[in-house]
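Given the structure of chain A, go ahead and fit chains B, C and D with the ligands onto it with the hints provided.
Residue numbers (the working numbering), protein chains in the order written: chain A, 197 to 351; chain B, 197 to 351; chain C, 533 to 650; chain D, 533 to 650.
Keep in mind the hints are simulated off the structure, nothing from the lab. Treat each hint with caution, since some may be false.
Claimed, not checked - With a straight-line cut-off of 30 Å between C-alpha atoms, the simulated DSS-like cross-links for lysine-lysine are:
id	chain 1	residue 1	chain 2	residue 2
1	D	K540	D	K617
2	B	K301	C	K627
3	C	K553	C	K627
4	A	K213	D	K553
5	C	K553	B	K296
6	A	K301	D	K618
7	D	K627	D	K611
8	A	K256	D	K553
9	C	K611	C	K553
10	C	K640	C	K553
11	C	K627	B	K256
12	B	K213	B	K283
13	D	K561	A	K256
14	C	K561	B	K261
15	D	K561	B	K227
16	A	K301	D	K611
17	C	K576	B	K301
Since the model is a prediction, treat every value here as computed from it, not as a measurement.
So the chains spell out like this:
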Amino acid sequence: MAKETIRVEITLESNLKHVELIEVIAQTVAKQCGFGEDGLHEILMAVHECAINAICHGNKEDLQKQVGLSLSVHPDRLEIRVRDQGKSFNPNDVPDPLDKENLMKPAGRGILLIQAFMDEFRVGRCENWGNEVIMTKRLPSPSQPEKGGVGREHQ
Amino acid sequence: MAKETIRVEITLESNLKHVELIEVIAQTVAKQCGFGEDGLHEILMAVHECAINAICHGNKEDLQKQVGLSLSVHPDRLEIRVRDQGKSFNPNDVPDPLDKENLMKPAGRGILLIQAFMDEFRVGRCENWGNEVIMTKRLPSPSQPEKGGVGREHQ
Amino acid sequence: MSINSTTKKVDSVTVIGLSGKITIGEECKHLRETIRGQLSEGTKSILLNLGDISYIDSTGIGELVSSFTSVSRQGGQLKLLNLTKKVHDLLQITKLVTVFDIFEDEAKAVKSFGSTQA
Amino acid sequence: MSINSTTKKVDSVTVIGLSGKITIGEECKHLRETIRGQLSEGTKSILLNLGDISYIDSTGIGELVSSFTSVSRQGGQLKLLNLTKKVHDLLQITKLVTVFDIFEDEAKAVKSFGSTQA
Ligand SMILES: Nc1ncnc2c1ncn2[C@@H]1O[C@H](COP(=O)(O)OP(=O)(O)O)[C@@H](O)[C@H]1O
Ligand SMILES: Nc1ncnc2c1ncn2[C@@H]1O[C@H](COP(=O)(O)OP(=O)(O)O)[C@@H](O)[C@H]1O
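The following block holds chain A by itself, in its conformation from the complex (with noise of 0.2 Å):
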């Protein structure tokens, strides 16, 4: 049994009109949790270029492919774990979107929003699956909610 408050798991086809789904569910969650407006936006987002990423990239959206969202209440945060069923990649590989050659590039800019708006943000390979990313963030205080931003002055 889960230690977790709150646990929910959700499997699905590699289609993009899941997507709204999986938002709509982190969402709830994260509401659950004493998120603000602004904490709600970021997970929003966070968990929509994620769960993009493992459809487009992961699964390339093959539809017998599935992708696996996981939200896990701990008693100081959120962890959120999108599983695809595609080839492994490193985060590390891929192009820095600051840089001044890739300014101008029509993509490639969603692993850093997530960096931005989450507080933890890591990839690694999960059994059955393919990759598994994990981000975190942590929660609001229920003394001072907090007030958004980018998320990362909780560092």
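For chains B, C and D with the ligands alone, kept in the frame of chain A given last:
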């Protein structure tokens, strides 16, 4: 890997304050299935009654115990399972709330409503858990959007 | 809490207008205390207007039955006004349409109480 | 689709007011086609009013960059007006504040294009 298009698993501590989270997620998934307003309300009520039973009767509101919700979308139906960690119960042993001597009782109508609103209702045991209530509702056919009502006319 | 009530007197009948939900927890408690308050003031004729109730769960239905019983025990009457289709369906499924007097028109409902009670 | 656009001409500048979201899929396509339409009509000065844009994702940011590039390639200019805090934060994080000319006042923005172009 699950065969369903959509599969959502939720695990929560047995706290009535989480019932709304369960309801919102069930509604989100049901909307994705194409249920109209009436169908959504029927699913909402069935999930509500079932979650409250799991928390109150199954787990006796013991916060150490968990309640589990699983939603799976099959091509023809939405299947909802609600698990608790309580002692076995047999719905056939429950007094019929429509019997004359029970009509004025202040409780005992939850299962009746679930049965009215869903196409299938059964109770089993689930390994590592306790009771598992399995409810299904046929998906509305995309051609003729469901009108709702008490759901019996689907049969 | 997602329930509100307003009370008015029409002839000798107390009409309680409820809006929101009648569901497990605070909402049911609110209904129970509203009825209890009326009974303690000696009210005998209560008409519950459920027109703005969007949602009643099985606990709420039980609360309506308990309210009915409490009022009857004090020699009074509790009747229902303006059920939405959803709420009417619930009373049909639970066969409580056979128990409650249900009205769609306030004047007719008020009249039905007779003029003997306060 | 959750994006809408309205176009007006102020002096020689085409002001495109966008509302809704600029996100992956139909929304980005709408922006792309709007810009393409303007360019094919010979428009050189485009001011995008993002005041009613609630949400841009990384694909939407990419679309803004592509729009900027397309307009520049045709010898035109694309500038931004009325960023919400959220959108401004995104351009800050992605360092695109250094690329785009950003204004809070329409008149000043229009003036900045100069009066040489149609
Ligand atoms: N789940 C994934 N599986 C495989 N590759 C990925 C995955 N997520 C991200 N990537 C790789 O990282 C790159 C950068 O991703 P991102 O920053 O989100 O930008 P974009 O998706 O616009 O390319 C992608 O182009 C892709 O090569
Ligand atoms: N998950 C459960 N675990 C144990 N007993 C249950 C469970 N669900 C229902 N029951 C039993 O079934 C009875 C009827 O349930 P229900 O029809 O929902 O009405 P109520 O909850 O108002 O009693 C309950 O009183 C309880 O004894």
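| field | Earlier hints that do not hold, by number | value | Per hint list: zero violations.
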